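Novice: Protein chains in written order, with the numbering used here: chain R, 119 to 401; chain Z, 16 to 335.
Calculated from the structure, these hints are not laboratory results. None of these values were measured; they are calculated from a predicted model. For every residue, glycine included, the Cβ atom is placed at its ideal position computed from N, Cα and C. Treat the hints with care, since some could be wrong.
[Said to hold, decoys possible] In silico DMTMM-like pairs for lysine to aspartate or glutamate, Cα to Cα no more than 25 Å straight-line:
(1) R/LYS309 x R/ASP259
(2) R/LYS309 x R/GLU228
(3) R/LYS179 x R/GLU228
(4) Z/LYS152 x R/ASP369
(5) R/LYS255 x Z/GLU315
(6) R/LYS354 x Z/ASP70
(7) R/LYS331 x R/GLU126
(8) R/LYS255 x Z/GLU179
(9) R/LYS354 x Z/ASP54
(10) Z/LYS66 x R/ASP259
(11) Z/LYS263 x Z/GLU202
(12) Z/LYS21 x Z/GLU315
(13) R/LYS309 x R/GLU363
(14) R/LYS179 x Z/ASP70
[Stated by the list, open to error] Listed next, the stretches of chain Z that the computed footprint assigns to chain R, with coverage defined by at least 3 CB atoms under 8 Å from CB atoms of chain R:
(15) 69-78
(16) 118-129
(17) 248-262
One letter stands for each residue in the lines below.
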Amino acid sequence: MKKLSLPELQKICSQLRRDVLRMVHAVQSGHPGAPLGCAEFFVALYFDQLHHNPDFQMNGKGEDLFFLSNGHLSAGWYSVLARSGYFPVAELKTFRKLNSRLQGHPATHEHLPGIRIASGSLGQGLSVALGAAQAKKIDQDKSLVYVLMGDGELQEGQVWEAAMYAAHYGMDHVIATVDYNGQQIDGPTEKVMDLKNLKAKWEAFGWEVIETKEGNDLASVIAGLEKAKSLTGKGKPILNLLYTEMGYGVDFMVGTHKWHGSPPNDEQLALALGQLEETLGDY
Amino acid sequence: MSLDLKYTYTEKKDTRSGFGDGFLEAGRRNPNVVGLCADLIGSLKMGDFQKEFPDRFFQTGIAEANMIGLAAGMALGGKIPFAGTFANFATGRVYDQIRQSVAYSDKNVKICASHAGLTLGEDGATHQILEDLGMMKMLPHMTVINPCDYNQTKAATLAIAEHEGPVYLRFGRPSWPIFTPANQKFEIGKAWKMIDGKDLTLFATGHLVWEAVVAEAMLREEGIHAEVINIHTIKPLDTEAILESVQKTGCAVSAEEHQLHGGLGDSIAQTLIRHYPAPLEYVGVNDSFGESGTPTQLLEKYGLNAENIVKAAKRALARK
Numbered sequence: 119m120k121k122l123s124l125p126e127l128q129k130i131c132s133q134l135r136r137d138v139l140r141m142v143h144a145v146q147s148g149h150p151g152a153p154l155g156c157a158e159f160f161v162a163l164y165f166d167q168l169h170h171n172p173d174f175q176m177n178g179k180g181e182d183l184f185f186l187s188n189g190h191l192s193a194g195w196y197s198v199l200a201r202s203g204y205f206p207v208a209e210l211k212t213f214r215k216l217n218s219r220l221q222g223h224p225a226t227h228e229h230l231p232g233i234r235i236a237s238g239s240l241g242q243g244l245s246v247a248l249g250a251a252q253a254k255k256i257d258q259d260k261s262l263v264y265v266l267m268g269d270g271e272l273q274e275g276q277v278w279e280a281a282m283y284a285a286h287y288g289m290d291h292v293i294a295t296v297d298y299n300g301q302q303i304d305g306p307t308e309k310v311m312d313l314k315n316l317k318a319k320w321e322a323f324g325w326e327v328i329e330t331k332e333g334n335d336l337a338s339v340i341a342g343l344e345k346a347k348s349l350t351g352k353g354k355p356i357l358n359l360l361y362t363e364m365g366y367g368v369d370f371m372v373g374t375h376k377w378h379g380s381p382p383n384d385e386q387l388a389l390a391l392g393q394l395e396e397t398l399g400d401y
Numbered sequence: 016m017s018l019d020l021k022y023t024y025t026e027k028k029d030t031r032s033g034f035g036d037g038f039l040e041a042g043r044r045n046p047n048v049v050g051l052c053a054d055l056i057g058s059l060k061m062g063d064f065q066k067e068f069p070d071r072f073f074q075t076g077i078a079e080a081n082m083i084g085l086a087a088g089m090a091l092g093g094k095i096p097f098a099g100t101f102a103n104f105a106t107g108r109v110y111d112q113i114r115q116s117v118a119y120s121d122k123n124v125k126i127c128a129s130h131a132g133l134t135l136g137e138d139g140a141t142h143q144i145l146e147d148l149g150m151m152k153m154l155p156h157m158t159v160i161n162p163c164d165y166n167q168t169k170a171a172t173l174a175i176a177e178h179e180g181p182v183y184l185r186f187g188r189p190s191w192p193i194f195t196p197a198n199q200k201f202e203i204g205k206a207w208k209m210i211d212g213k214d215l216t217l218f219a220t221g222h223l224v225w226e227a228v229v230a231e232a233m234l235r236e237e238g239i240h241a242e243v244i245n246i247h248t249i250k251p252l253d254t255e256a257i258l259e260s261v262q263k264t265g266c267a268v269s270a271e272e273h274q275l276h277g278g279l280g281d282s283i284a285q286t287l288i289r290h291y292p293a294p295l296e297y298v299g300v301n302d303s304f305g306e307s308g309t310p311t312q313l314l315e316k317y318g319l320n321a322e323n324i325v326k327a328a329k330r331a332l333a334r335k
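Extracted from the complex, chain R is given alone in its bound form (with noise of 0.2 Å):
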């Protein structure tokens, strides 16, 4: 795949927020907050990171594989999917309707290209995730296994079994990351239910810890990626802590828990899209 230039990139980026603003929009339900501040890491991973192969299969053999556990964030993920070509970008107006293979949250029954797991009932992805990387270690395949969680979704019990479980093994040839914009359903996380310092609790449980500062910065998240790259086939698995603004790119969704499950209404949407340039073609 010819790499595509950074500006290039952007106006994915901006493409996938109008996509998504749009999907939700339409059925008046929806995520739209995390993945608008996650929409520089998939841009980044499908478009720049992932060696990956658009015609779809189940065991993605020889190839990089993603997984989302934060399965709420599937309007992004289903924009960043049909828009590097897993599935025809007209099909994302089906979202989240009657008979549709765009889930509210993902799910593999109907056969969406890219989606290789049921995702939305929160705290399963990493280990699902694991489980693909410790096939590929099975089969001697050195591809990479990459998983995105939420922070909030860190406070279920099962991500630290798998976390232990990751580091047990040596699962060296996956890359999470952890959308970590402080932001979940009921407010702020450290009103919630605080997560303190995760990166001494990520270490502590053995992995190699780095931070993306800038998460809403393109060339930050693909340096963090590549450094995270670098990092693999050294023993330890590697979690990536990215500093993300919920909402990013929209100037009134930006910073805060209210747009994490509310759609915008007319105005609204017509106010967010006017902040963000039509690039590659609404669907």
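Use these hints to put chain Z onto chain R, whose structure you have.
Specialist: Frame of chain R, contents of chain Z only:
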């Protein structure tokens, strides 16, 4: 009293050993078969597989939720994971993980659940799960299997390795009569008529198939000819075999080491109500937890042995 049993045994063994031996054999037949266990390798009899295939076996520690997720991930990567722990921890503790990552995602994961039911014995109610069949059969895509003895459990284990899709395989701890043939063919979803009869049908699953065989002989001494059907697959249920039998006999008893709510009896009742209403009596645990005791004592106290199947049979016959 010496009963004229239609099936007899010379040896007793635990069904979990049937699983362990079947698992090893499945591993030899197919290199994609892998194992996971949450710190109960000895109890699940998974040690021989681990010894022979150390690179295909994963100790997960006491972390069942992670184990189910790992298994789902391995399955999507083309492996056939057998995830083993006690039935209690293999179901209730990880219901949501099974629901989302295995059943809804249609992953080829084999959930291998030992120490099910009252016959776990002295460990008591915390470990004696009696709700697992119900929980598992409610899940779309899930196949639910509960074999009756060592030989059938071994055959079932080999069969599920070749079956594509999520499976819940339930087995147990106690030493139990081996009364079905070695190297039998196990057909998922196909009930096995073990004894022909004309007066009523005894539908039994798991350890209670043996009790039904004993009950049949007891009833025969009184001139009552019961048909005995081994329902090793709870889901998909062989409704054809159930209806064919009850259309002949006119009434039935279900027997299981499980709660009445949500168990095999419920599934049979649904079938009969829809297609051929007929008297059905239940043998199972009636909305209660178990307790410590020996397997024999517990089956007696909770009404799950041959004597209670005979009593239920008479109630069913009286309603004909």
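Novice: Next, verify each hint and record whether it holds.
Specialist: Going through the hints against the structure:
1. R/LYS309 x R/ASP259: Given pair R/LYS309, R/ASP259 is violated - Cα atoms ~43 Å apart, limit 25 Å.
2. R/LYS309 x R/GLU228: 38 Å, violated
3. R/LYS179 x R/GLU228: Judged against 25 Å, a Cα distance of about 21 Å means the pair holds.
4. Z/LYS152 x R/ASP369: Cα-Cα ~49 Å, so violated.
5. R/LYS255 x Z/GLU315: 50 Å, violated
6. R/LYS354 x Z/ASP70: 19 Å, holds
7. R/LYS331 x R/GLU126: 22 Å, holds
8. R/LYS255 x Z/GLU179: 23 Å, holds
9. R/LYS354 x Z/ASP54: 23 Å, holds
10. Z/LYS66 x R/ASP259: Since the Cα atoms of Z/LYS66 and R/ASP259 sit roughly 24 Å apart, the hinted pair holds (cutoff 25 Å).
11. Z/LYS263 x Z/GLU202: Roughly 24 Å separates the two Cα atoms, so the pair holds.
12. Z/LYS21 x Z/GLU315: 23 Å, holds
13. R/LYS309 x R/GLU363: It holds: about 17 Å lies between the C-alpha atoms, which stays within 25 Å.
14. R/LYS179 x Z/ASP70: 19 Å, holds
15. 69-78: holds (count 6)
16. 118-129: Check passed, 4 qualifying residues.
17. 248-262: Check failed, 0 qualifying residues.
The earlier numbered hints that this structure contradicts are 1, 2, 4, 5, 17.
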